[in-house]
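Make the full structure from the sequences, and use the hints.
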Amino acid sequence: MVFLIGAVFLIVLNVVIGYQEDFKPLGYNWFVWAVLLWTLLFLIHFFNVFIVNSFMGKEWEAKQVDKLVKKQKEKIAQLREKVEREHPVNENRNTTEPTPPPKRISPEDPERPINS
460 MVFLIGAVFL IVLNVVIGYQ EDFKPLGYNW FVWAVLLWTL LFLIHFFNVF
510 IVNSFMGKEW EAKQVDKLVK KQKEKIAQLR EKVEREHPVN ENRNTTEPTP
560 PPKRISPEDP ERPINS
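Using the numbering used here, the first residue of the sequence shown is number 460, and each one after it goes up by one.
Every clue listed holds true.
Here are the simulated distance ranges between beta carbons:
(1) Pro561 / Lys517: 52 to 62 Å
(2) Gly465 / Ile510: 17 to 27 Å
(3) Glu570 / Arg539: 52 to 62 Å
(4) Ile535 / Val467: 46 to 56 Å
(5) Lys517 / Glu540: 32 to 42 Å
(6) Arg571 / Glu540: 46 to 56 Å
For the record, the hints were derived by calculation from the structure and aren't laboratory data. A virtual CB, placed ideally from N, CA and C, is assigned to each residue, including glycine.
Encoded structure:
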C-alpha cells in the first residue's frame, strides 16, 4: 500500500506539478527510474523475508518458546523462594494425622441463649 501511494506521489510530483521535468536520464522521466529502483528493492526484500529466511520460522519459534519457558521457570523459582521465606511451613507438624473437627459449643440450657 505504501509502495503504491509513494509511486503515485512520485508520478504526480513529476507530471502534474512539474518538478524536475527536464531531468530525463536515458530518455525516461526520473520518476520511472525511482519507481523501478524501489520495485527492485521491494522484490529483493520480499525474496529475503518470505523465501530465503522464512521470517519467524519453526526454528525461530522454538528458540523463542524455550527462552520464554526458561524465563517463566526462573520467575516461578523466585516466587517459590519468596513464599517459603515469608510463610515458612512448620516441618515438625505431622501432616499424616487428620486434624480433629472443631469443638461444637452448645448451651447448657437449650432454652437460654449462649451470650445472655
